[in-house]
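*Asks:* Protein chains in written order, with this note's numbering: chain A, 3 to 246; chain B, 16 to 195.
Source of the hints: derived by calculation from the structure; they are not laboratory data. One thing to keep in mind: the hints can contain errors.
Said to hold, decoys possible - To be clear about the criterion: a stretch of chain B counts as covered by chain A if any three or more of its residues have a C-beta under 8 angstroms from a C-beta of chain A, and this derived list gives those stretches: (1) 47-61; (2) 84-90; (3) 144-151.
Unchecked claim - If you only want the chain A side, here are some residues facing chain B, beta carbon under 10 angstroms, derived: (4) 48; (5) 50; (6) 53; (7) 161; (8) 209; (9) 212.
Said to hold, decoys possible - Each pair of labels, with its calculated beta carbon distance range: (10) 194(B) - 36(A): 20 to 28 angstroms; (11) 9(A) - 83(B): 29 to 37 angstroms; (12) 213(A) - 71(B): 37 to 45 angstroms; (13) 71(B) - 34(A): 35 to 43 angstroms; (14) 191(B) - 36(A): 17 to 25 angstroms; (15) 9(A) - 81(B): 20 to 28 angstroms; (16) 20(B) - 9(A): 16 to 24 angstroms; (17) 172(A) - 19(B): 43 to 51 angstroms; (18) 170(A) - 133(B): 58 to 66 angstroms; (19) 11(A) - 71(B): 26 to 34 angstroms; (20) 186(A) - 124(B): 29 to 37 angstroms.
Note that CB positions come from ideal geometry on N, CA and C, so glycine has one too.
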Amino acid sequence: MSGDSPDIVRDTLAGTYVLGTMEQDERAAFEARLAVDPDLRGAVAEWQRRLAPLSALVEPQQPPPELWQRIAAATVAARPAAEPHIADFAAARLKAQVRRWRLASAGFGMALAASLAAIALFAPAYFEARRDSGRYVGIVNTGGAMPALVVSVDTRRGELRIRPLGLKAEPGRSHELWAVRGNAAPVSLGLVDSAGQRGLGALPLAALADPQLVLAVSLEPAGGSPTGQPTGPVVFTGKLIRQD
Amino acid sequence: VTERTVESLLEAAALQDAAAFRSLYDLAVPKLLGIASRIVRRRDLAEEVIQDVFVKIWTGTARFDRTLGSGLAYLAALTRNRALDQVRRKTEVSAEERPEMQDLSDNLPTPEAIAEDRSELRAVLACLQRLPAGQRQAIAAAYLDGATGAEIAARLAVPLGTVKTWLSRGLAALRECMGR
C-alpha cells in the first residue's frame with residue numbers, strides 16, 4: 003500500500019476528526035461531508051471503536067442526583083395532564099421518528115404503509131414512581147403539532163380511555179381504532195370520535211406489552227366497520243408505550 | 016432490568032422505554048462524566064454535556080447503530096464529541112480555565128500494567144507504545160484531554176505543523192498496527 007493513497011488520506015482525516023484536532027472550519031466542513039457520505043461515517047466509527055478502549059483510563063465520576071433530575075425534566079418537558087405540552091413535545095420529536103417508525107412497522111403491510119397519514123411514537127415518560135401502575139399511553143398523531151388522539155390504557159382496570167384532540171369528525175363516517183399485531187387480524191378498540199372510557203374488548207392484556215403492537219385509526223361507515231375488520235383508509239397510526 | 020447490554024438499553028431508550036433509559040444512565044454516566052470532565056475541565060460544563068447526550072439518546076436525535084460498534088464506544092464518542100464542541104466554542108475562556116492542560120497525558124500505562132482480561136485496552140496501548148513519543152503524546156492528549164493542535168504544540172514546544180504531521184503519522188501507524 004503506497005503511503006498516501008486516497009484511502010489512507012481519508013482514513014487519517016476520519017481519525018483526526020475523532021481526535022478532535024481539526025480546525026473549527028475544517029471540522030464543520032468534515033461534518034457536512036459526513037452527513038452525506040456513509041463510507042466516511044464508517045471510517046469515523048472505526049476510529050471511535052479503535053480508540054474507545056482508551057476511555058477506560060479515565061477516572062469515573064459519580065454524578066450528583068440533580069443531574070438525573072435535570073435530564074428527566076428536559077426529556078419529559080410536559081406531563082400527560084397537559085396536552086398542549088405533550089403536543090409540543092411530540093411534534094419536536096416527530097420528524098426524527100417518523101422514518102424509523104415506518105421501517106419498524108413495515109410488516110404491517112404495504113397497502114397500509116402507503117395510506118398512512120402520519121405516524122407518531124410517544125411516551126410521556128414518568129421517570130419516578132408509578133412503577134406499579136401498569137399504565138400505557140399512546141398518541142395517535144396527525145403529523146401536525148397537535149396529536150389526533152390520546153389513548154391511555156390502565157391494565158389494572160382493563161380500561162381504555164380515549165381523548166380525541168385534533169381529530170376532525172367526518173359527516174356520515176366514524177373513526178374506528180384498531181390494535182394491530184404483526185400479520186394477525188386487527189382487533190377493534192371501538193369508535194373514537196368522542197371522548198370516553200371502555201374495556202379492552204377482544205384485545206388480550208398481554209398484547210399491550212408487545213413492542214410490535216400498533217394502533218391505527220381507520221375511517222369507517224357511520225357506526226363502525228360492518229365486517230369487524232378495517233374497511234376504510236387508515237388515517238392515523240401510533241404506538242402504545244408503557245408508562246414507567 | 017437485569018443484565019441488559021448497553022446496546023439493548025440504548026435501543027430501548029431511543030424508543031422511549033423510560034426504565035431502560037434510567038438503567039442506561041446509571042450504568043454509563045459515571046464513566047461518561049469522567050470522560051467529559053477531563054475534556055471540558057469544569058464540572059458544570061461536563062454535566063451539561065451529559066445532559067445533552069442523554070436528551071439526544073432519548074429523542075432519537077442521536078441514533079445508535081449496532082453494526083458500527085459497541086454501545087459503550089458509541090456513548091463515549093457522543094460524549095467526547097459534545098465535550099469537544101463545548102470547549103471549542105468557549106475557546107476564549109478555556110485557556111484560563113484549563114490550567115491542567117499543562118499536564119497533558121504523556122504517561123500512558125504500559126499494556127503489561129493492565130489486567131489481562133482487558134485485551135482491547137492492552138492492544139491499543141501496545142500499538143501506541145510502538146509510536147515515537149511525540150506521536151503517542153499528541154494522540155493521547157487529543158483523545159483523553161481534548162487538547163487542540165495548538166495546545167499540544169505549546170505543551171511539547173514544537174510548531175503546530177509538526178503536531179499535525181505527528182498526528183497523521185501516528186494515526187496511520189496505529190491503524191496499521193491494530194489491523195483494521
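*Asks:* Hint by hint, which ones does the structure fall short of?
*Replies:* Structure breaks hints 3, 7, 8, 9, 11, 12, 13, 16 and 20.
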